[in-house]
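> Mind docking chain B on chain A? Use the hints.
Chain by chain, the residues:
2 protein chains.
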Amino acid sequence: MADEREQSEAPVEGDYELDEVTFGPVLKAVRAGDTDALAQAFEPLHAADIADLLEQVDTPTRRALVALSGREFDGEILTELDEGLREEVVGVMHPEVLADAVRDLETDDVVDLIEDLDAPHAQAVLGALEAHDRVAVEQSLTYPEESAGRLMQRELVVAPEHWNVGQAIDYLREHDDLPEQFYHVILVDPRMRPVGYVTLGRIMGSPREVPLTDITEESFRTIPAMQDEAEVAYAFNQYHLVSAPVVDEDERLVGVITIDDAVVILEEEHEEDILRLAGVGEGRLSDRVIATTKRRMPWLAVNLVTSILASLVIAQFEATIAQFVALAVLMPIVASMGGNAGTQSLTVAVRSLATKDLTSANVWRVIRREAIVGLINGIVFAVVMGIVGIVWFGMPLLGLVIAAAMVINLFIAGLAGVMIPVALENLDIDPALASGAFVTTVTDVVGFFAFLGLAAMVLL
Amino acid sequence: MADEREQSEAPVEGDYELDEVTFGPVLKAVRAGDTDALAQAFEPLHAADIADLLEQVDTPTRRALVALSGREFDGEILTELDEGLREEVVGVMHPEVLADAVRDLETDDVVDLIEDLDAPHAQAVLGALEAHDRVAVEQSLTYPEESAGRLMQRELVVAPEHWNVGQAIDYLREHDDLPEQFYHVILVDPRMRPVGYVTLGRIMGSPREVPLTDITEESFRTIPAMQDEAEVAYAFNQYHLVSAPVVDEDERLVGVITIDDAVVILEEEHEEDILRLAGVGEGRLSDRVIATTKRRMPWLAVNLVTSILASLVIAQFEATIAQFVALAVLMPIVASMGGNAGTQSLTVAVRSLATKDLTSANVWRVIRREAIVGLINGIVFAVVMGIVGIVWFGMPLLGLVIAAAMVINLFIAGLAGVMIPVALENLDIDPALASGAFVTTVTDVVGFFAFLGLAAMVLL
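Line by line, the protein sequences give chains A and B. Per the numbering used here, the first sequence starts with residue 1, numbered consecutively. Per the numbering used here, the second sequence starts with residue 461, numbered consecutively.
To be clear, the hints were calculated from the coordinates, so they are not data collected in a lab. Owing to the predicted nature of the structure, the values given are computational and were not obtained by experimental measurement. It is possible that some hints are incorrect.
Here are the computed lysine-lysine pairs in the DSBU-like style, where the Cα-Cα straight-line distance is at most 35 angstroms [claimed, not checked]:
no. : chain 1 : residue 1 : chain 2 : residue 2
1   : A       : 356       : B       : 754
2   : B       : 754       : B       : 816
3   : A       : 28        : B       : 816
Calculated from the model, a selection of chain A residues having no Cβ within reach of chain B, i.e. all distances over 10 angstroms [as the list claims (entries may be wrong)]:
no. : residue
4   : 32
5   : 70
6   : 92
7   : 129
8   : 161
9   : 394
10  : 395
11  : 449
12  : 456
13  : 458
14  : 459
The beta-carbon is built from N, C-alpha and C at its ideal position, and this holds for glycine as well.
Isolated chain A (complex conformation):
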């Protein structure tokens, strides 16, 4: 269809980026030390935007802003803030302001906040909560970090499974303590085990006498409280869940996870994947120089070791290179092409492993495909480089050597690009984390060895 439709217009960008219009009044108020002007400048801004603003200004401005905002500082801003900055911002806040700010948050947001604070700050936050919220937060904290138990909120609406629509409506209408946001009523058996859920829309649209069990959603799934949050996010994404009940080992209802929390985790997982693939730990833009340097150093150290390995291969052929310096000129091309082709394969593999699209059912087919793709691209670029070699250095044999090395290295790159991430995944090591170093080591070593080794055999 795409070709036939008229498309005179292209979609347009939104203006969600923070710019001078948004920033200006806030910064002006901070510079003037004017609390009222700051409150007014905050007025049209979403907490997420204020958090972004705090991340983007320099440290003195950030502290001045937090100090000046006082009671205007909404707890939501803390929830939205980069984890690395929370401690700093909380440190600047007056304890009473902090207490005010956290009191209105949902329990899952408080848990998320406390995780990143040191003990005194965490205690201050806990102390500010009302008793029943504190109990809920402390219970969530007994679950391991990055588990569904940490992610869930306690605020939920349940109904006995034997109720009908009328009873549910009467209950909801009489109950004046409903959560801020809820989309489903969870049906439970007498032992508090969830057996299904019903959307509010369905309840609204059904006659009073219809049993709730007749209008439950097909998509119903429970999440074990101990489940890894990445798996939770996967389930929400795969099955288009809007909310899901969380259960303990006895299948009893302990909380509910909603899609907005799952989206946050999905984002975090993506961030982790993309940064790990590039050998950048958990870096954030708001990190300081020293933290950033430290975090990147181990990956550069790994790269140094692997590139010394490659150099050791080259060193075996010093005599050959001394005789044909053209080899030194051309050898990085073979290694670079292999590294690139390997990175292509490994990125597709890592991504497919993350989305569970690469499984035991198709792994051999994918490996075969990548190897063939590597081989074909190898042959194409072998011809190109063979010609370049001949034209540039006027040595047909050199052209032949670089062509052969190219085919070998791109074929191996395709193989290694899939097999290494799959092997790491089977060893329970995050393939995004380590595949890059292994794959480029393979393509460097194979590239230099194939090129220089063939040269030594053919040219000498």
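Just chain B now, kept in the frame of chain A:
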């Protein structure tokens, strides 16, 4: 807090991956050509899982499966299927089965499906729809691809802004044509411009006489129908929207986008970013060999050109290398370290541009930071490599040369890693797409030139 909590247990993996237990019965039924067994094997599976299964089996099995499933083939499966496979699967389906399958889909899903089909198949799908659905789909198709207009669904619930809770409840209770899934009632003015929305939960929890305008959500935002879908996804993520009304140029309500659609787009954007960073077009695991090869070839061609550029730099120093072959052994290390450091910086920059965390407000601070980080890491690894150079080759001057080249290249890598993506973004070119090639060209050229140039000056 993290250190003090007892954590004897770690979160556990879910079992969402498709395995033999899921696959087995389906494949057995297909091999046996047993329609009833297949229907039974489909029974416990979500459409998304069946779609994954179709993506993971080989082509003959896929076709046999689709043909055999007949009327059991749910339209949802088509919606969940990789775009690259839709045409193939639709091609195998009997026209009547296809008509059945699409009739129950929401209009936004039909639009998404039709986009990927050729004209005859698209016409067949359109022809299968009921008249009012067809009109809705055709209207959506008048918006540009990848716009909010394509993403929205027409099924929505509106109420006049002057209504109170009681009127809304009575309306919802009497209306028997409510959408399958809806979470909000959109308030509109007499000209059908949305002025706010109210969650069903809030309506349930409020007395009948409360005006709806008193209980609208603070998060209310409208989305222009022409807005790019990536921006729509950003808005949902940034502002934690669950649904948002879509409006035309006159601010009139034309549809609604729900979070599940936004999550799909978020996933697609991530996929695009991660694959583009690795120089893999829009590749999917289910693509054929030829399609994959073609898609990767342009990136390898770009890499070939840039690595020939680097080789031209090396060629300028052939005489120097002929005299000190150790240079040929060590030079890939300098280039590789620069490439790695540059990739680290550029990945953080590309990611921050995508999340709108890198803006004109902090760009200079980030550039300065990356340059300093590069400088510090450069100095650290300069010392290490200087020592390696001296120990390995017994030439202190060679150690000095490689150390100096390392500092220069890692400093430049930090600078280029941020400045190149930012420059591309300002030129409206996707920084994920082209940054990698530019940055590694810079680090290769600078690395070889600094190392060999210094060597020529110092050693000769």
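> All hints are to be evaluated individually against the structure, with a verdict given for each.
Now the hints, each set against the structure:
1. A:356 / B:754: holds, 25 angstroms
2. B:754 / B:816: holds, 32 angstroms
3. A:28 / B:816: holds, 22 angstroms
4. 32: Holds: least Cβ distance 19 angstroms, greater than 10 angstroms.
5. 70: Non-interface label on residue 70 of chain A holds, nearest chain B Cβ at 21 angstroms vs cutoff 10 angstroms.
6. 92: holds, 19 angstroms
7. 129: Nearest chain B Cβ is 15 angstroms from residue 129 of chain A, so the label holds.
8. 161: The assertion about residue 161 of chain A holds, with a minimum of 20 angstroms to chain B.
9. 394: Non-interface label stands for residue 394 of chain A: nearest chain B Cβ at 14 angstroms, farther than 10 angstroms.
10. 395: holds, 14 angstroms
11. 449: Non-interface label stands for residue 449 of chain A: nearest chain B Cβ at 13 angstroms, farther than 10 angstroms.
12. 456: holds, 14 angstroms
13. 458: holds, 19 angstroms
14. 459: holds, 15 angstroms
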